[in-house]
Amino acid sequence: MEILNALALLANFVVVPATAYGAQLALGALGVTLIFGILRFANFSHGELMSFGTMAVILFTWVLQGQGVIIHPLPTALLALPVGILVAIVLSLTTDRLVFRFYRRKRANPIIFAIVSVGVMFVYAGLVRIVIGPDDQSFADGARFIITAREFKELSGLAEGIAIKQTQVVTIAVAVAVVAAMFWFLQKTRSGKAMRAYSDNEDLALLSGIDPDRVVMIAWIITAALATIAGTLYSLDKIYKPFIFLQILLPIFAATIVGGIGQPVGAILGGFVVAYSEVMLTYAYKKFLAYLGPSGWAPDSLVQLLSTDYKFAVSFIILVVVLLVRPTGIIRGKVIG
Amino acid sequence: MTRRGALYFAVMAALLLAVGFYQSWNVAFGILNLCLISAIMALGVNMQWGYAGLFNVGIMGFTALGGLTAVLVSMPPVPEAWAAGGMGMVLSFLMLVATVAAIIFARRSVPAYLKTPATIALVVAGFFLIRIFYLPAVGRIEAINPAHTGYLGGLGLPIVLSWLAGGLVAAGAAWLIGKVALGLRADYLAIATLGISEIIIAIVKYEEWLTRGVKNVTGLPRPVPYEVNLMETQWFINFTNWLGAADIANAASMFVKICYAVLIMIVLGIVLWLAERALKSPWGRMMRAIRDNRDAASAMGKDVTRRHLQTFVLGCATCGIAGAMLTTLDGQYTPTSYIPLRYTFLIWVMVILGGSGNNWGAVLGGFVIWFVWIEAEPFGNWFMHTITLPMGDDNWLKQHLIGGAAYTRLVLMGAILLIVMRFAPRGLIPER
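Line by line, the protein sequences are chains A and B.
According to our numbering, the stretch in the first sequence is residues 1 to 337, in order.
According to our numbering, the stretch in the second sequence is residues 1001 to 1432, in order.
Chain A on its own, in the form it takes in the complex (with noise of 0.2 Å):
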């Protein structure tokens, strides 16, 4: 009895939330991660993208909302992540057009590439915060719980109980849905073969007849797809803070990193390595031990590894035990020097 409450304590505060964190810094890091396969750059542009396309839903969220359009026990917001994706796309493809074609066709370097999507992320981040400003959007409805922790305290006959966020599982079944569509896409049809062959060899993929422009058009629509899906579900489940999305962008190149740049299996094995670490590091288990051990003993101290303040330090730490350890990521991903 001891140890299920303990295992169910540990499945609260770390499995559920963990999992939900993992599955939306997978879903950043695939887009981060096929820009790096496509156009061989990291994109810094990437989170503010992610807010954009978030903003676009929330604002169609409330003009839903207002019609009284809502599909209770289901968050409203997901009937309006097509606009928001529509809206992402439209902004990406303009922004490759007017902005990093330019520098593709004169095939700077990666460098450069980098900077100028610097300016990009300025640009994103003065129309995200002039259209719905700096401040914190709560845009949630529908049910709350799948199940409170009372519920499955009654349910199961233990002391401890595991909560299960409705966005949590919204935010698994999106993520399951999207990735496989995403895998399918990339394994089965000839724009995603197509895509893939660019990634691993560009010059081969050129002789032998694929349109380069074809390939990172939709290279951009997939991944403002996946910024737009990632950034409403990170939303949904915590809060729509305009400037957290810059903070998010180091996990989200860690779990890249990890994973191994340009390679799709990795960016969400790393989004759940980024998550579990940051998540089980500063999680305290006083309590957890206190059940293990013998009745009535609790550890003196709260037994946490880090404090909370420090998430953003484990996705470092991640990051330079692979730059030290395995610099190519799990998958073996490029390095390109």
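The set of hints was computed from the structure by calculation and includes no laboratory data.
Please read these numbers as outputs of a predicted model, since none were measured by experiment.
All residues carry an ideal CB built from backbone N, CA and C; glycine is no exception.
Please note that a few of the clues may not be correct.
Looking from chain A toward chain B, a few residues come up when the C-beta cut is under 8 Å (computed) [claimed, not checked]:
| # | residue |
| --- | --- |
| 1 | 70 |
| 2 | 184 |
| 3 | 185 |
| 4 | 309 |
Straight-line C-alpha distance at most 20 Å; calculated SDA-like pairs for lysine to any residue [said to hold, decoys possible]:
| # | chain 1 | residue 1 | chain 2 | residue 2 |
| --- | --- | --- | --- | --- |
| 5 | B | 1115 | A | 323 |
| 6 | B | 1115 | A | 321 |
| 7 | A | 241 | B | 1342 |
| 8 | B | 1115 | A | 311 |
| 9 | B | 1215 | B | 1150 |
| 10 | B | 1179 | A | 317 |
| 11 | A | 286 | B | 1134 |
| 12 | B | 1398 | A | 135 |
| 13 | A | 241 | B | 1420 |
| 14 | A | 106 | B | 1426 |
| 15 | A | 106 | B | 1053 |
| 16 | A | 311 | B | 1214 |
| 17 | B | 1215 | A | 241 |
| 18 | A | 241 | B | 1337 |
| 19 | A | 286 | B | 1127 |
| 20 | B | 1398 | A | 131 |
| 21 | A | 286 | B | 1128 |
| 22 | A | 106 | B | 1420 |
Take the given structure of chain A and dock chain B to it, following the hints.
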């Protein structure tokens, strides 16, 4: 400096004078001081990007370290806190040193296949050993008079010393991070520096025993006189009478700003002189050779990674100096004010606009961009008021747009960066 460069600086001076005449001289000198500090930061980034082609996205962190040093050097020590937790802190520091030494020793002496396990074991052991002394000491220090101190305080030395010390501290941090990330592909350095700066900010925000964290350290000692004292000093009163200034409070505040401007200008002059000397020396030519073709430079026997580390450390040290000066100028240390858009990416816009690889260009970029950054706010307000003129005063869209006017500066900065990169990638004053 070319004739074109001199012209740009003349225009910049005219702009600042215009602010003086039309807004107020106090504002003009306020902008000038921050322009000067921005110029120093831009020089630091120019050393990394312009000389060596290194993409450092962690400038904010090194600036914050410089600011932290200003606090630690200048604030008076808190004896009660030292008595309560000083010993614990010293012991945990010794433990840290011992752990690092043990790791280095172990990595040298154990066989290759045991290196990683041994390192991990030592890191874990060290982590728990340090916590034994560290956590209780933190609790005791932060418990002492938390409303006023609650931290160890500093050394109580003159704050000007911290400008040099800030550079040294930033250089140390840069050496550590450079050791790990340099020599790998270029974007790794960018991402690693992004990470280290977030960690540094987290440390200064949450380690209250060191920095008071979000409670801020206010009332830092000044290298220049206080306005209140000035207004009571006889020679200053005579001086203002002689000038015919009506408002003595305003004159005192101006005088203080001018003192700061002179101090910062001296530092800027020294840094600029050194940077120019370095760039024109054989060392500077070697750096540019490495930047333009690292394979060829490496074939000529140049140690590319070491040279990169060198410039990286120098550039970060310059940013640390600027950070210490910034905190001195503010007179307080507010960890929450460090945001990457302002302290990292804005500096990048300065360097790119000014002309990467040219020190005078970086200085000019620092001036122009800081000026635009400040003046973009009134401009954005004016712009939004103008385009919303036909709308009624209670129109929600009008109010919303005017509320967001301050953020037009972000769009403006992005547009400047993109336009310069596209149409004038060599910047206002190109590299010779």
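Holds or violated: residue 1398 of chain B to residue 131 of chain A, with C-alpha atoms at most 20 Å apart: holds, 12 Å
Proposed proximity, residue 135 of chain A with residue 1398 of chain B (alpha carbon, max 20 Å): holds, 18 Å
Interface hint for residue 184 of chain A, Cβ within 8 Å of any Cβ on chain B: Interface hint status for residue 184 of chain A: violated (30 Å vs cutoff 8 Å).
Straight-line alpha-carbon gap residue 106 of chain A to residue 1426 of chain B, limit 20 Å: holds, 16 Å
Interface restraint verdict for residue 309 of chain A against chain B (beta-carbon cut-off 8 Å): holds, 4 Å
Hint consistency between residue 286 of chain A and residue 1127 of chain B [alpha-carbon to alpha-carbon, up to 20 Å]: OK: residue 286 of chain A and residue 1127 of chain B at ~18 Å, within 20 Å.
Distance restraint between residue 241 of chain A and residue 1342 of chain B, which requires alpha-carbon spacing of 20 Å or less: Given pair residue 241 of chain A, residue 1342 of chain B holds - Cα atoms ~18 Å apart, limit 20 Å.
Restraint check for residue 286 of chain A with residue 1134 of chain B, where alpha carbons must lie at most 20 Å apart: holds, 19 Å
Cut-off 8 Å, beta-carbon criterion: hint that residue 185 of chain A touches chain B: violated, 26 Å
Minimum beta-carbon distance criterion (8 Å), residue 70 of chain A to chain B: violated, 24 Å
Hinted pair residue 241 of chain A and residue 1420 of chain B, Cα distance within 20 Å: Violated, at about 30 Å.
Holds or violated: residue 1115 of chain B to residue 323 of chain A, with C-alpha atoms at most 20 Å apart: holds, 16 Å
Hint compliance for this structure: hints 1, 2, 3, 8, 13, 17 are not met, and every other hint is.
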